[in-house]
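So the sequence lines, in the order shown, correspond to chains A and B.
Using my numbering, read the first sequence as starting at 1 and increasing by one per residue.
Using my numbering, read the second sequence as starting at 1 and increasing by one per residue.
These are calculated hints, taken from the structure and not from any lab test.
Treat each hint with caution, since some may be false.
[Unchecked claim] Sample of chain A residues lacking proximity to chain B, with all beta carbon distances greater than 10 Å (derived): (1) V15; (2) V38; (3) P48; (4) L53; (5) E74; (6) L91; (7) P114; (8) V116; (9) T130; (10) P178; (11) M189.
[Claimed, not checked] No farther apart than 20 Å at their CA atoms in a straight line, the calculated lysine to any residue pairs in the SDA-like style are these: (12) A:K11 with B:R98; (13) B:K102 with A:A79; (14) B:K102 with A:T6; (15) A:K11 with B:L80; (16) B:K102 with A:F207; (17) A:K2 with B:A118; (18) B:K102 with A:T19; (19) A:K2 with B:L80; (20) A:K2 with B:R114; (21) A:K11 with B:T96; (22) A:K2 with B:A113; (23) A:K2 with B:Q109; (24) A:K2 with B:F3; (25) B:K102 with A:I181; (26) A:K11 with B:L95; (27) B:K141 with A:K2; (28) A:K2 with B:R184; (29) B:K141 with A:V81; (30) B:K102 with A:Q201; (31) B:K102 with A:V15; (32) B:K141 with A:E87; (33) B:K102 with A:W22; (34) B:K102 with A:E8; (35) A:K11 with B:F103.
From a predicted model like this one, the values you see are computed outputs, not experimental measurements.
Ideal Cβ placement from N, Cα and C applies to all residues, glycine included.
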Amino acid sequence: MKRSPTFEAAKLVFVRDLTLAWRRWDEVAQPLIFYVVVTTMFPLATTPDMSQLREIGGGVVWVAALLASLLALESLLRADVDDGTMEQWVLSGQPLGWLLLAKVAAHWVLTGLPLVIMSPIVGTGLGLPTEAWGVLMLSLLLGTGTLSMIGGIGAGLTVGVRRGSVLLSLLVLPLVMPLLIFGSRAVQMQMDGDSPAGPLQLLAAIFFMALSLGPVAMSAAVRIGVES
Amino acid sequence: MAFDGALFEARGINAWRGDRHILRDVSFSVRKGEFLKITGPNGVGKTTLLRVICGLLPAETGDIYWRGKSVRSHRDEFNLELGYLGHLNSLKADLTARENLKFLAGLRQSLTARDIDATLDRVGILSRGDLPARSLSAGQKRRLSLARLLLADAALWILDEPVTNLDTAGIELVESLIVDHVGRGGLAIAAAHQRLLDDAPCLRRLELEP
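In isolation and in its complexed conformation, chain A is listed as follows:
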């Protein structure tokens, strides 16, 4: 036998999480259902007038996506810490940051990517024109990716706390407000005929910052989390 290379180990983590999700698809589907239900209810509660809906459409899709992602965060690390898997990861001799990055990537594929793919459909229901689809999807792609990473840090910090879900929301929501502001602004600018490049570039910058620093912060948080 020989030592597993780090890349192989990270791949195992990724494949494992997708396998587990496949066997418990009902839990994975929950955020997506929430997302679709919330955006569908908006026209029912406010107005069926498309021109009025269009004004708020981008913002509604973004808020719903943000809350749906937040809903999924609570379960990100809980099970692995409770059953002792995380202890074994910490002691595996592999860089914990890479394993956690693979875990966050799997989490994003399961919870973030479906929101991005569904967004044109729910957007159409809110009167978003087809010209805005591209920007909506791109902004959500960057936004949900960042949210998974920042949320991972929050989940790591709260995993040692009993009933940490309230704390998790309080911790993560203020940090992701810029995503909401830039994301919905980009969609709005596109619909108004302006170039959305500015907010999109800011979203991309936040994404790459989260991607590069996130795993380090998350592994530090998880190490504290398994101490309890």
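Using the hints provided, position chain B relative to the given structure of chain A.
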């Protein structure tokens, strides 16, 4: 020998849980070919000591040396040679026994299907290999955790109550695994209440007092 020059030392470990001073100045060393059994009443700090050794809990003071080097500055080297069997089994209920080994032991070692089958056979649950872990009995889950420990191919075994939930044959299995391991030049440290290798020549004891 597989694990040349392996030597473990703990010097002056002090640890607190909350406001209780649990470990007071614990020092000991384990050489290759030795099995250290930590005994003492419930709540005396056996698990705390084992977690401090692994680095899962910080010690207030004290140092741990592996192969003569401080673990504090060589954490990754130490982890590569460390196999930890906690009182949690670290199993995923929705994965089969084989998958559990592939996804967890595979983080440390590149495993082939044959490695996994041979190890499952060794711990006596080969016929359960494709059942989800949730349908295994408590003892079989423990055996599966032992299989994970074996696949880690580590020099130092840290075992927290390894024979919990095991039947007589299972206890004999754990004893033979430990004897084999120290026979190959490995080290083992276990916390145990029950009889475990009480008459073996490789045994040393550490009694923790409240």
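To see whether the hints hold, each was checked on the structure:
Its closest Cβ contact with chain B, about 8 Å, brings A:V15 to no more than 10 Å, contrary to its assignment away from the interface. No beta-carbon of chain B is positioned within 10 Å of the beta-carbon of A:V38; the least distance is around 29 Å. At the 10 Å boundary, the C-beta of A:P48 stays outside the reach of chain B, the nearest C-beta of that chain being 43 Å off. Once the 10 Å rule is applied to beta carbons, A:L53 is consistent with being away from chain B; the minimum gap is 41 Å.
For A:E74, the condition that its CB be more than 10 Å from all CB atoms of chain B holds, with the nearest at approximately 18 Å. Not every C-beta of chain B lies more than 10 Å from that of A:L91, the closest at about 5 Å, which undercuts listing it as non-interface. Residue placement check: A:P114 keeps its beta carbon more than 10 Å from all beta carbons of chain B (closest about 20 Å). The non-interface label for A:V116 is consistent with chain B: the shortest C-beta to C-beta separation is roughly 27 Å, beyond 10 Å.
Consistency note on A:T130: stated as away from chain B, and its beta-carbon is indeed over 10 Å from all of that chain's, at 41 Å minimum. Non-interface status of A:P178 relative to chain B is upheld: no Cβ of that chain comes within 10 Å, the nearest being about 35 Å off. Chain B leaves A:M189 outside its interface by the beta-carbon criterion, the shortest separation being 45 Å against a cut-off of 10 Å. For the proposed pair A:K11 and B:R98, the alpha carbon gap of about 17 Å is at most 20 Å, so the pair holds.
Between the alpha carbons of B:K102 and A:A79 the distance comes to roughly 18 Å, so the proposed pair stays at or under 20 Å and holds. With a CA separation close to 15 Å, the supplied pair B:K102 and A:T6 stays within the 20 Å bound. For a cut-off of 20 Å, the pair hint linking A:K11 to B:L80 stands: about 19 Å separates their Cα positions. Of the pairs offered as hints, the one joining B:K102 and A:F207 is violated, with about 32 Å between alpha carbons and a cut-off of 20 Å exceeded.
Simply put, A:K2 and B:A118 have alpha-carbon atoms about 16 Å apart, close enough for the 20 Å limit, and the pair holds. Annotation: proposed proximity of B:K102 to A:T19 holds, straight-line Cα distance about 12 Å (limit 20 Å). Restraint check for A:K2 and B:L80: satisfied, since their Cα atoms lie roughly 12 Å apart, inside the 20 Å limit. Between A:K2 and B:R114 the CA atoms are separated by roughly 14 Å; this keeps the pair inside 20 Å, and the hint holds.
For the hint pairing A:K11 with B:T96, the CA-to-CA distance comes to about 18 Å; that is within 20 Å, so the pair holds. Pair hint A:K2 plus B:A113 holds up; C-alpha atoms about 14 Å apart against a cutoff of 20 Å. In summary, the hint linking A:K2 to B:Q109 is supported, as the alpha carbons are separated by about 5 Å, within the 20 Å threshold. With a C-alpha separation of about 15 Å, the suggested pairing of A:K2 with B:F3 holds against the 20 Å cut-off.
With a CA separation close to 43 Å, the supplied pair B:K102 and A:I181 exceeds the 20 Å bound. Note on A:K11 and B:L95: the hinted pairing holds, with a Cα-Cα distance of about 17 Å set against a maximum of 20 Å. With a C-alpha separation of about 26 Å, the suggested pairing of B:K141 with A:K2 is violated against the 20 Å cut-off. A threshold of 20 Å between alpha carbons decides the hint, and for A:K2 with B:R184 the separation of about 18 Å falls inside it, so the pair holds.
With a C-alpha separation of about 18 Å, the suggested pairing of B:K141 with A:V81 holds against the 20 Å cut-off. Simply put, B:K102 and A:Q201 have alpha-carbon atoms about 41 Å apart, too far for the 20 Å limit, and the pair is violated. Straight-line distance between C-alpha atoms of B:K102 and A:V15 comes to about 11 Å, which keeps the hinted pair within the 20 Å bound. Proximity of B:K141 to A:E87 is assessed by CA-CA distance (about 17 Å); at most 20 Å being required, the pair is judged to hold.
Proposed proximity of B:K102 and A:W22 is supported: the alpha carbons are some 17 Å apart, at most 20 Å. Taking the CA atoms of B:K102 and A:E8, the gap is near 12 Å; set against the 20 Å cutoff, the hint holds. Of the supplied pair hints, the one linking A:K11 and B:F103 holds, its CA atoms being roughly 10 Å apart against a limit of 20 Å.
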